[in-house]
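Here the protein sequences line up with chains A and B, keeping their order. Once you know that position 300 of the first sequence is 297 in this note's numbering, the rest is easy, because the numbers rise by one and skip nothing. Once you know that position 291 of the second sequence is 665 in this note's numbering, the rest is easy, because the numbers rise by one and skip nothing.
No lab work stands behind these hints, which were simulated from the structure alone. Owing to the predicted nature of the structure, the values given are computational and were not obtained by experimental measurement. Each hint should be verified, as a subset may be incorrect.
Only pairs whose alpha carbons sit at most 20 angstroms apart, straight line, appear in this in silico DMTMM-like list of lysine to aspartate or glutamate [said to hold, decoys possible]:
| hint | chain 1 | residue 1 | chain 2 | residue 2 |
| --- | --- | --- | --- | --- |
| 1 | A | K192 | A | E216 |
| 2 | A | K275 | B | D663 |
| 3 | A | K218 | B | E791 |
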Amino acid sequence: MKRLALLAAFALLLPRPAAAAVKVVSSIPSLGSLAKEVGGDRIDVESLGKGYQDPHFVEPKPSLMLVLNKADLLLYVGLDLEIGWLPPLVLGSRNPKIQTGELGSLDCSRAIPVLDVPTTKVDRSMGDIHPLGNPHYWLPPANAKIIAREIAQRLSQIDPSGAATYQKNLAAFNGKVDAAAKKWQPMVDKMRGVKIVTYHKSWTYVSQWLGMEEIGYLEPKPGIPPDPDHLFRLIQAIRSEHVQLLLVEDFYNLNTARLVAQKGGAKLLDLPTDVGAKPQIKDWFTLVETILTQLSGAMSRV
Amino acid sequence: MVVLLVALIATAAQSEGPDGGIAASDAGVAVAQGAAPDAGQDEESLRRQLEEALGKDAAAKAAQQQGQSAQGTQAPASATGGAAPPVPLFRGGQSLNPDVSAILDAEGGYQRRPLLFVNGDDPVLRGEEGKKAAGFAVQEVELAASAIVDPYFRGDVFLTIPNLEGLEVEEAFATSTSLPWNLQIKGGSFRSAFGRQNGQHLHVQDFTRRPLINAAFLGADGLRGPGAQISWLAPLPFYVTFYAEAFSIGAPDQPESGTLPPPVATFGGGEPHDLTYAGEVKAFFPLGDAWSVYAGLNGATGVSPGLFQPTNTGPVVFGVNRRSYLVGADLYVKWKPPNVAAGYTSVAWQSEAIWRHLDDTADMPGGWDGGLYSQVVVQVARRWLIGLRGDILGIPTSSALGQTLRASTSITFQMSEFARVRWYLEAEHAASGSSVPGVVLPAVQPADSVASFLQIEISIGAHGAHPF
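Use the sequences and the hints to build the structure in full.
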């Protein structure tokens, strides 16, 4: 009898059947925001990293394993962006559904035209490089559409009865993106040919989209902190190339960037790169619009 | 228990297999299925039918052929992308090789006398009893290979060469990835989840040497060996995981004559069928974005091989095959802001305590001994970390060597994620003589000692991320 009671107690602690909504967990909030666009009410979204965090360095806290434990679908940026923290969390989540290779594990980079793929043999003398290419791809509208399409397709496989809804939402999202792009066009036009310097090499996709020209980076090599010699050369380049903007992700320390911008005569912009970077940036549209407004605003005042 | 585990893996493999297969087919099929969703009962019966069919297939002699044709129709998920085909990886980018890496820990150093309570991965200078030593050491070379094995397991192999002597298997184990009910099993040879330090490899440490209690109670190589572990993540609103482990741990090497006796080994004695058992529970509480509290309670029991007292005619062993019990607690509190916009400062405070009980034997009284350490590591700048640690061994006694106290500090400069230089200094006080009646031990000479090392640590290749 006692044994039965124990068994019953144990059974109570076992995971209960999932609620109706598909539980989607994203590594960064932007992917979660895109998922919400296509998932609507059929999905619950939670993000492991926060928008104000450097996505390379999220602390792999065990509490995040608990979030992953209940997930039906894990969305991650891929291209080794989360290599330093996500794998132990996925293993520790004890959730068979989201292990690599399973339906519940979606590498959102799989259909993205990846930039900065190394063309020569790479090693770490080049800094903390991403051998698979640049993973900071979620801002341009064309890429957002690709990510949304991939998510819609995977959600349809996980939750077949919602497939029609996901396709309908995807079409609506694409329409919203087109409308937004139209609205953004004057701001986009302002940026063509603008010379910029960035902190980390994370604006490549935005530069390509807007036609901006990247002259240099505050980091001498990806992940390697700036040194005086490099900054000295960079300031000279900013002056000689007439660089107008210095872009820094808002999770970095701004002191060095401020000095370089001031000495070189460029305007410093402290920009969000992810949903949730600031409380008012609640979705992907607000994120991109905030970035474009700041960029074009800076150009109007130059 | 073993049978239960095998059965669990088998059911996981069976239930996962067909799901994956159906899911991996193209989206068109998935949509078609979705158009006529089955009621819950129908799904159950369909599942049962599928399981039966699969069972029959497995039993049939022609199963092999059928299996092959079934596999042929299973396109990998990545091949069924969206409207646009996925961008292929550049040539040579795809590889089924495991992540392979090598990590080197080397140093130059000085010690007033040979180190006490030496861990297997501590730096060893060519020292003699009572004499000072200076020179170089290659503390450890680690070779690691890890990869996902198949849809059911992940595999990890860590080979080490401590102090250039012999190739050791520090760990080599399989971890399950697909068990139901929040269970996970680990099999092979691995480090126990007992405490916080014991599970960590050398290059995760913030100090050049491990704490005193590790070598004293868990053994020079730590509590590790061939064994099996089952763990369960409790479905609670906060993170709690339970671990149960069993190990076959061999007896430690017999000491050479003329050396100080090694600490009484907790495990590795008894009959060949005597196992070492351990159980742990770990809980984690995130307090906002910046604060983390990670706490553990640990217990273990085994058979002690006894105290080896070296004499001119060979070692004399006291207290052979006593049952030993360990209880421990560990606490890790970390403050680290979620981003570096305001600077790179972080603080981590870590403390562990272990108490041991040994039963009585005719030639040696039993009793409690124990020890603890507490350390603070402060990141003062992007590349600089400063650590302070205090160790005490022998609360209330330390089985043989009297009370030992140690204070140490480390200053670490991290050039990149893959290289760091560390200066380490320790000052140690070892009380003389034996704390066990009837056992005569030579005094540690000199009682007070210092040791210092300048350590370089490099990591090449792809090394998997470490847990929190």
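Hints versus structure:
no. : hint            : result
1   : K192/A / E216/A : holds (17 angstroms)
2   : K275/A / D663/B : holds (15 angstroms)
3   : K218/A / E791/B : holds (13 angstroms)
Violated hints: none; the structure is consistent with every hint.
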